[in-house]
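Chemist: Listed below are the residues making up each chain.
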Amino acid sequence: MPTLTIDNQQVTVPDGTTVLEAAEQLGIVIPHFCYHKALGAVGACRMCAVTVVEGTFKGLKMSCLVKAEEGMVVTTDDQQSVEFRARVSEWLMLNHPHDCPVCDEGGECQLQEMTIASGHGLRRYTGKKRTYNNQQLGPFIAQEMNRCIQCYRCVRTYKDYCGGKDFGVMGSRNRVFFGRFKDGTLESDFSGNIVDACPTGVFTDKTYRFKSRYWDLQEAPSICPHCSLGCSTVPGGRYGELQRVRSSVNEKVNGFFICDRGRFGSSYVNHPERPRQATRGSWKLTVDEALQQLDVKARELINQHGPESVLLLGSNRASLETNWLLQRWAEEIGCRAPLLSAHLPRHQAAQVAAFDLADRLCSLEKVRQSDLVVAIGADPLAEAPMLGVALRQAVRSGGKVKVFDPRPVELPCDFEKQTVSPTELLDLLDGTSVESKQLVDLLRGAERPVLVAGGLMLGAGGMLRLKKIAAAASNDQRNCLVHPLLGGANSFGAALLSLPEQDDLLTRLESERIKMLVCVETDPLLEAPDNERFAKALSLLEELVVLDYLPTPLSVHANLFIPTTAPVESEGTFINNEGRQQLFAPVIKPRLPISVTGEGNHPPREFIDVAPGSDPIPSWQLFQQLLGEATDLPTLREKMKTAVPRLIDFETLQPGGVSCRVAHVDERCIYTDEIPAAPEESLQLVVTPARYGSDLLSRYSAKLQPRFTEACVQLHPQDAAARGLQDGAKVVLDTVEGPFNLTLKCNDKMAIGCALVENGPKFQQLVPGGKLSFCKVHAGMSHG
Amino acid sequence: MVDQFVMLALILIKLVLVFAVVLSMAAYLVLAERKILARMQLRYGPNRAGPGGMIQPMADLIKLLTKEDFIPATADRGLFLIAPGLSALTALLTFAVIPFGPTLEIFDQKLPLVICDLNIGLLYFLALSSLAGYGLALGGWASNSKYSLLGSIRGLSQLISYELAMGLSVVPVVMMAKSFSLTAIVMAQETIPFALLNPPAFLIFLISIFAESKRIPFDLPEAENELVGGFHTEYSGMRFGLFFVGEYINLVILSSMLTVLFLGGWHGPWLPGIVWFMVKVLAICFFFIWVRGSLPRLRYDQLMNFGWKVLMPLALLNVLVTGAILLGMG
Amino acid sequence: MPLLRDIKGFFPPFWVTFRNMFRKPVTVQYPEQMPELPERYRARLVLTRDPDGEERCVACHLCSGACPVDCISMQAAEAEDGRRYASWFRINFARCIFCGLCTEACPTLAIQVTSDFEISKRDPLKLVYEKDDLLVDHCGHNDEYSFYRQAGIGVAAPRGTNPSESAPVDVKDLLP
Ligand code: SF4
Ligand code: SF4
Ligand code: SF4
Ligand code: FES
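In order, the protein sequence lines correspond to chains A, B and C.
Using the working numbering, the letters of the first sequence correspond one by one to residues 24 to 807.
Using the working numbering, the letters of the second sequence correspond one by one to residues 41 to 370.
Using the working numbering, the letters of the third sequence correspond one by one to residues 458 to 633.
Simulated from the structure, these hints should not be mistaken for lab results.
Keep in mind that the hints are not guaranteed to be accurate.
If the Cβ cut is set under 8 Å, some of the chain B residues that face chain C in the computed set are [stated by the list, open to error]:
| hint | residue |
| --- | --- |
| 1 | R79 |
| 2 | M80 |
| 3 | Q81 |
| 4 | L82 |
| 5 | Y84 |
| 6 | W330 |
| 7 | S334 |
| 8 | L335 |
Using C-beta positions, here's what the derived DEER-type ranges look like [stated by the list, open to error]:
| hint | chain 1 | residue 1 | chain 2 | residue 2 | range |
| --- | --- | --- | --- | --- | --- |
| 9 | C | I554 | A | L145 | 25 to 33 Å |
| 10 | A | D100 | C | A624 | 39 to 47 Å |
| 11 | C | I554 | A | V619 | 25 to 33 Å |
Away from chain C, derived, C-beta distances all over 10 Å, residues of chain A [as the list claims (entries may be wrong)]:
| hint | residue |
| --- | --- |
| 12 | A61 |
| 13 | C132 |
| 14 | A140 |
| 15 | H143 |
| 16 | P330 |
| 17 | T455 |
| 18 | V457 |
| 19 | R467 |
| 20 | E690 |
| 21 | A752 |
| 22 | C769 |
Glycine is no exception: its CB is placed at the ideal position from the N, C-alpha and C atoms.
Starting from the given sequences, assemble the full structure and let the hints guide the process.
Modeler: Next up, the structure:
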């Protein structure tokens with residue numbers, strides 16, 4: 024722990040800290056470009072010069088490279104360093120195109136800031152500027168190479184940190200160029216991060232091109248709602264439109280970066296068909312009227328037909344507050360406890376994570392630091408993309424990654440893959456088989472082992488088995504930790520609130536006792552297994568009430584529709600896959616964007632007090648109104664904390680601030696998994712989330728559309744050959760949920776004996792997660 | 041019987057005339073003040089409504105009448121509503137005792153040019169001028185605003201302080217005229233006005249009425265640049281107008297009192313008495329305006345110091361000295 | 458002797474004000490008599506064009522950022538050739554205080570003041586000027602400057618052909 028003096032102030036820092044970081048602790052910002060906390064220092068830009076007065080090496084030094092030493096004396100504001108930095112700025116600006124007014128980085132540009140900070144103001148050099156030709160890098164990233172200052176941050180982010188392969192630095196002397204070998208879409212699922220990393224305007228967000236200036240944006244700390252990891256983000260909006268998302272820092276979760284799904288998947292908020300009006304059929308209602316009708320109808324039905332007649336359905340998209348209030352409203356009107364997920368198997372898996380695994384859960388940070396990660400039934404890039412980047416960091420620091428999965432899993436790092444079918448996966452976890460013992464031994468040999476549990480693939484039963492493996496692999500010195508992957512942003516939260524459940528939505532609906540279904544921010548047509556049966560069951564209902572902010576197919580069937588706000592428009596809480604309770608803050612107010620009301624031209628010329636389309640209110644507020652309470656979040660949270668003692672005290676949390684994991688409990692779920700007998704000639708059906716558009720939010724995001732993949736069924740070439748099928752053939756996938764016409768794709772990276780379909784915008788009928796099931800694939804067209 | 045009718049008719053006509061003259065004088069005083077002040081500051085002043093701005097008072101009246109009558113949410117409604125009326129009314133009432141000309145003879149009737157010649161007219165004037173404080177105090181209090189309250193507190197203490205000096209300064213006049221009746225006081229000045237006989241009393245009274253009228257240099261209750269509008273900050277429309285009119289009526293009254301008490305009332309050579317009276321009143325009004333154009337506002341402590349430590353002792357001393365001289369002269 | 462001084466100081470103001478009454482007022486009788494405006498008078502704003510006749514404004518939001526009363530709003534858009542321009546641009550002259558800070562902030566010399574101060578309207582909405590109302594057909598104070606001919610991003614001229622630029626580098630060139 025050396026103590027050093029910087030600009031006459033003393034500071035004690037841990038060993039290995041650089042002078043630049045030590046100065047930062049004192050609040051002294053030394054101008055810098057190439058240093059980045061996540062990427063480290065390379066000493067490329069020479070901007071961070073300081074003078075070492077006392078130390079092993081004296082004189083002008085790059086503070087990002089010099090380690091702090093005991094008794095070191097450093098000055099940052101002496102004439103020599105100041106002068107040097109001004110000259111560095113000047114030479115970095117030699118070739119700058121001086122186009123800040125048309126650059127999207129303007130206002131949040133490190134080059135602007137550091138140039139001002141270093142005191143360079145007037146251009147003296149009269150020679151010619153170097154120029155480059157730009158590349159087309161696809162739908163997400165715009166490039167303007169003339170602005171580059173060669174700090175190498177982009178390559179270090181894209182290649183080194185995120186493991187992208189199709190981007191790099193090329194050229195020699197002052198012609199170095201940062202881009203792809205030739206034009207084309209950046210392939211990495213983390214390409215957006217170079218926008219945040221580049222300190223200049225070379226790489227900017229194409230979907231946000233010329234939309235706003237930083238100082239006009241409304242921004243607030245938020246939580247990415249697209250998968251269960253709960254990465255920290257800062258969405259920004261203006262004029263009623265959500266315009267971009269940038270990553271925020273949460274060292275426990277995402278670190279410094281986010282994935283493209285989170286960054287570009289936010290335009291569902293601005294969906295042109297987003298319902299913003301409460302309606303009964305074609306009647307327009309005010310929200311108050313709609314709530315009144317909901318309340319009256321629910322109570323009436325319960326009076327007439329008993330508590331079984333009304334079913335409330337919460338979701339993993341709705342905030343913790345909403346789900347909890349939904350339960351309280353159920354008590355108030357006297358109906359059965361709400362289901363908090365339309366998809367029971369997924370919910371059960373989440374419950375296992377929330378109750379049984381709670382004392383072994385670990386954060387992404389622990390994954391990054393692990394020396395052995397074994398992912399079981401998990402495809403990180405599809406289910407939780409930033410886990411892929413975390414795994415890469417584990418590998419970069421010498422760890423190993425092993426994957427057991429039936430799917431053709433790809434990762435942005437070196438890993439060992441064992442292709443196994445879903446049933447084999449369960450065998451692997453049973454604790455008695457040879458493979459299982461090998462797995463335990465492997466884990467025992469590691470110092471910081473982490474098991475990644477794919478909740479969708481394993482289900483509750485598989486997760487419980489995995490728990491035993493983790494226990495077997497733990498010893499007195501260390502625990503074998505578990506990082507579970509769940510279905511949605513608040514799956515853990517919904518699971519934590521509910522009791523073990525055995526009846527699923529469909530069985531209940533088909534019992535015909537249910538007259539009224541209230542769906543809160545969920546669409547069972549897209550999220551429940553066997554949506555065809557569900558659609559039929561809907562017709563048995565007397566009243567269907569939908570509360571949502573997406574134009575889901577279900578909202579068309581709704582008798583009563585009440586609009587709610589998207590997460591970026593309200594406050595709330597999500598609990599992520601490892602039980603971390605995180606708050607998000609409202610970014611924009613719900614309203615029709617000005618680009619819509621003005622039809623692309625200037626805003627309408629009229630005076631109005633209330634913006635059009637500003638009816639939606641947060642769903643927790645709706646339920647507070649139904650309960651006759653004043654809308655008051657702090658009191659609500661206090662009550663919730665009292666009722667659910669596992670939660671962290673809300674007063675210690677704040678959006679974008681520290682987050683903590685909820686307490687674990689001794690309650691246990693008892694779920695079992697049966698492996699059904701396989702019918703003749705059948706394949707195991709594996710439904711996996713598509714990388715883009717598997718969660719409803721990104722499915723409704725126009726920006727992500729270019730990334731949506733075509734629907735297909737994938738078979739191992741051996742299986743295809745056995746059935747006499749060829750790559751690209753039109754086939755019928757025969758499942759318990761009915762036959763589907765799909766194109767066949769052969770893939771030798773997947774397990775033999777399995778049929779793989781992706782659930783995404785182009786194929787919504789089968790939903791990932793669920794009991795093991797079997798299917799058949801044969802040629803031809805079905806007439807079902 | 042006929043006599044009495046004629047009498048009644050004459051009294052009514054007199055009342056209406058006085059009323060009309062005082063009100064229109066107040067209105068045109070506003071215009072005169074604006075124009076004269078403007079000229080003193082090298083401006084034109086209002087010159088858009090009518091030729092040379094002559095119907096500006098009408099325009100102002102219409103404007104004030106049509107403006108929103110705003111009442112602050114936290115105001116004490118009843119008091120807030122009556123305060124402006126109170127201040128205009130007390131000002132008007134004072135005029136009842138002011139003699140503005142010698143007694144006329146019409147239709148064999150003696151018509152005194154005073155509405156009511158009270159034999160304690162001077163006390164009536166003093167009493168009403170104290171009552172005038174209520175309009176201000178209530179208006180400021182009822183507005184429930186810090187500026188209004190400060191303004192009215194300032195106004196009250198200022199009125200109380202200067203009323204003392206004013207009251208004392210007229211004691212020598214009463215002693216000299218040997219009557220409280222204003223007509224009698226005027227008659228006593230037939231040859232020589234009291235201003236010349238007793239200049240200290242005149243000066244003290246002059247200064248006090250400046251304070252009484254709440255005008256520069258003693259306009260602390262309104263002090264725009266400190267208190268927004270002082271006690272009438274929260275008033276708008278015609279209610280503000282009433283405060284405003286009250287103030288100018290007050291100005292006319294105070295000028296008349298000065299004329300009656302010190303400048304010999306309607307007495308003067310060649311011209312008819314009533315004209316002399318008008319001329320004197322208008323001259324004093326001009327002086328008021330001139331002072332406003334020339335002097336700055338005093339500080340509050342200066343105002344109080346001056347009132348209590350200079351004016352009061354001086355007035356007392358003056359009473360003693362005058363008394364002594366009168367005694368000496370028998 | 459402060460008292461003496463005070464008394465002495467009491468009278469001159471009366472003389473000054475009295476004398477003034479007989480002087481000619483300095484007021485300009487505006488509608489009948491036009492005021493003589495200084496050359497750099499700041500009043501209604503316009504959006505000028507560059508010497509090529511193109512809109513100068515690039516919708517950079519610097520003027521709206523500088524405006525102390527927030528009366529400028531706009532939306533940027535991209536033209537076919539990569540030119541950034543304002544798809545709409547609105548100034549609320551009912552709010553503008555004619556401070557001219559926007560013109561100082563403007564990096565392209567697009568927004569400029571004129572001396573037209575006669576813009577009072579009974580309906581405040583009529584004081585909300587849209588881009589069409591603001592755009593003029595001349596260069597204003599400066600008839601030389603063209604932002605896109607200085608900024609090296611290949612909009613007004615192909616990349617690397619502005620006077621201050623060399624031709625785009627060949628990144629595959631290995632010559633020293
Ligand atoms: S493109 Fe940006 S991040 Fe990459 S080297 Fe240039 S300035 Fe640095
Ligand atoms: S002149 Fe001043 S107030 Fe008017 S638009 Fe420009 S910056 Fe805003
Ligand atoms: S500062 Fe100039 S270029 Fe930028 S938006 Fe305003 S007028 Fe347009
Ligand atoms: S930050 Fe140290 S050289 Fe770039």
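Chemist: It remains to establish, for every hint, whether it holds in the given structure.
Modeler: Hint-by-hint comparison with the structure:
no. : hint                        : verdict
1   : R79                         : 5 Å, holds
2   : M80                         : 4 Å, holds
3   : Q81                         : 7 Å, holds
4   : L82                         : 5 Å, holds
5   : Y84                         : 5 Å, holds
6   : W330                        : 6 Å, holds
7   : S334                        : 4 Å, holds
8   : L335                        : 6 Å, holds
9   : C:I554 - A:L145: 25 to 33 Å : 31 Å, holds
10  : A:D100 - C:A624: 39 to 47 Å : 41 Å, holds
11  : C:I554 - A:V619: 25 to 33 Å : 32 Å, holds
12  : A61                         : 27 Å, holds
13  : C132                        : 13 Å, holds
14  : A140                        : 20 Å, holds
15  : H143                        : 18 Å, holds
16  : P330                        : 53 Å, holds
17  : T455                        : 59 Å, holds
18  : V457                        : 54 Å, holds
19  : R467                        : 51 Å, holds
20  : E690                        : 54 Å, holds
21  : A752                        : 43 Å, holds
22  : C769                        : 37 Å, holds
Hint violations for this structure: none, all hints satisfied.
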